[in-house]
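K.L.:
Sequence:
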Amino acid sequence: MAWEFKDGIPIYRQLVRRLEISIAAGEYQSGEKMPSVRDLAMEAGVNPNTMQRALAELEAGGLLHSERTAGRFITWDEDILTKLRRDLAAGYVEDLFRNLGRLGMSTAEIFDTVRRWAEQTEAKAEALASSAEAGRRPEVETADAERSGK
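For what it's worth, full-length UniProt numbering labels the leading residue of the sequence shown as 1, then goes sequentially.
Be aware that one or more of the hints could be misleading.
[What the hints assert, rightly or not] Straight-line alpha carbon distances no greater than 25 Å define the calculated SDA-like cross-link-like pairs of lysine to any residue that follow:
| # | residue 1 | residue 2 |
| --- | --- | --- |
| 1 | 33 | 22 |
| 2 | 6 | 105 |
| 3 | 6 | 22 |
| 4 | 83 | 118 |
| 5 | 83 | 104 |
| 6 | 6 | 78 |
| 7 | 6 | 16 |
| 8 | 33 | 11 |
| 9 | 83 | 12 |
| 10 | 6 | 59 |
| 11 | 33 | 46 |
| 12 | 6 | 99 |
| 13 | 33 | 8 |
| 14 | 124 | 6 |
| 15 | 33 | 7 |
| 16 | 6 | 52 |
| 17 | 33 | 99 |
| 18 | 124 | 134 |
| 19 | 33 | 57 |
| 20 | 33 | 67 |
| 21 | 6 | 67 |
| 22 | 6 | 71 |
| 23 | 33 | 45 |
| 24 | 6 | 39 |
| 25 | 124 | 114 |
| 26 | 33 | 81 |
| 27 | 83 | 14 |
| 28 | 33 | 114 |
| 29 | 33 | 64 |
| 30 | 83 | 69 |
| 31 | 6 | 18 |
The set of hints was computed from the structure by calculation and includes no laboratory data.
Here the structure is a predicted model, which means the values were calculated and not measured.
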């Protein structure tokens, strides 16, 4: 995933946000060692001091902890990780309502739109699962027939 930065927001704040999302999404697992400041800075294309500032903020918030001479690690504290996921989700929901509100949609219309989208997405997922399952059946039946000598 490319590291992109927006004007008007300090780079270190954008790094914090990006790393929070990566942690919440499971790109880094609980207890996993983080890449070094230098490696992360090189990957992001930023000064190591800027990355250090972002990591220090994540550490101050409890998402990371340092082990002397071993580096920084993702927290094992599931309460902190759950709160992070919920806070990020709340921000996304707030953005959704604000953006759809700008289109003139009422709260009820937004709820209805989200419900319909979820139902359609669930139906598509079920259809894909069914077709994938159906796609596997002939192979299983063929293999079974070959084993039984048919």
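K.L.:
For every hint, state whether the structure bears it out.
P.N.:
Hint by hint, here is what the structure shows:
1. With a CA separation close to 14 Å, the supplied pair residue 33 and residue 22 stays within the 25 Å bound.
2. Restraint check for residue 6 and residue 105: the C-alpha separation of about 28 Å exceeds 25 Å, so the hint is violated.
3. Among the hinted pairs, residue 6 with residue 22 is consistent with the structure: their alpha-carbon atoms are about 18 Å apart, no more than 25 Å.
4. Restraint check for residue 83 and residue 118: satisfied, since their Cα atoms lie roughly 24 Å apart, inside the 25 Å limit.
5. In summary, the hint linking residue 83 to residue 104 is not supported, as the alpha carbons are separated by about 31 Å, beyond the 25 Å threshold.
6. With a C-alpha separation of about 31 Å, the suggested pairing of residue 6 with residue 78 is violated against the 25 Å cut-off.
7. For a cut-off of 25 Å, the pair hint linking residue 6 to residue 16 stands: about 13 Å separates their Cα positions.
8. Proximity of residue 33 to residue 11 is assessed by CA-CA distance (about 23 Å); at most 25 Å being required, the pair is judged to hold.
9. Taken as a hint, the residue 83 and residue 12 pair is honoured in the structure, with Cα atoms around 21 Å apart against an allowance of 25 Å.
10. Under the criterion of a C-alpha separation no larger than 25 Å, the hint pairing residue 6 with residue 59 is consistent with the structure, at around 24 Å.
11. Simply put, residue 33 and residue 46 have alpha-carbon atoms about 20 Å apart, close enough for the 25 Å limit, and the pair holds.
12. As the CA atoms of residue 6 and residue 99 are separated by approximately 19 Å, the hinted pair is consistent with the 25 Å bound.
13. At most 25 Å may separate the alpha-carbon atoms for a hinted pair to count; residue 33 and residue 8 exceed this at roughly 31 Å.
14. Distance check on the hinted pair: residue 124 and residue 6 sit about 35 Å apart at the alpha-carbon level, beyond 25 Å; violated.
15. For the given pair, residue 33 sits about 30 Å from residue 7 by alpha-carbon distance, which is inconsistent with the 25 Å threshold.
16. Taking the CA atoms of residue 6 and residue 52, the gap is about 19 Å. The hint holds against a cut of 25 Å.
17. With a C-alpha separation of about 37 Å, the suggested pair residue 33 and residue 99 falls outside the 25 Å cut-off, and the hint is violated.
18. Using a Cα cut-off of 25 Å, the hinted pair residue 124 and residue 134 holds, with the two alpha carbons roughly 15 Å apart.
19. For the proposed pair residue 33 and residue 57, the alpha carbon gap of about 17 Å is at most 25 Å, so the pair holds.
20. Taking the CA atoms of residue 33 and residue 67, the gap is near 10 Å; set against the 25 Å cutoff, the hint holds.
21. Straight-line distance between C-alpha atoms of residue 6 and residue 67 comes to about 33 Å, which puts the hinted pair past the 25 Å bound.
22. Distance hint between residue 6 and residue 71 is unfulfilled; the C-alpha atoms sit about 29 Å from each other, more than 25 Å.
23. A distance of roughly 21 Å separates the Cα atoms of residue 33 and residue 45; the hinted pair therefore holds under the 25 Å criterion.
24. Restraint check for residue 6 and residue 39: satisfied, since their Cα atoms lie roughly 22 Å apart, inside the 25 Å limit.
25. Between the alpha carbons of residue 124 and residue 114 the distance comes to roughly 15 Å, so the proposed pair stays at or under 25 Å and holds.
26. About 16 Å separates the Cα atoms of residue 33 and residue 81, which keeps this hinted pair within 25 Å; it holds.
27. Pair hint residue 83 plus residue 14 holds up; C-alpha atoms about 19 Å apart against a cutoff of 25 Å.
28. The suggested pairing of residue 33 with residue 114 is violated, with an alpha-carbon distance near 37 Å, which exceeds 25 Å.
29. Note on residue 33 and residue 64: the hinted pairing holds, with a Cα-Cα distance of about 9 Å set against a maximum of 25 Å.
30. Proximity of residue 83 to residue 69 is assessed by CA-CA distance (about 29 Å); at most 25 Å being required, the pair is judged violated.
31. A distance of roughly 12 Å separates the Cα atoms of residue 6 and residue 18; the hinted pair therefore holds under the 25 Å criterion.
Hint violations for this structure: numbers 2, 5, 6, 13, 14, 15, 17, 21, 22, 28 and 30, all remaining hints satisfied.
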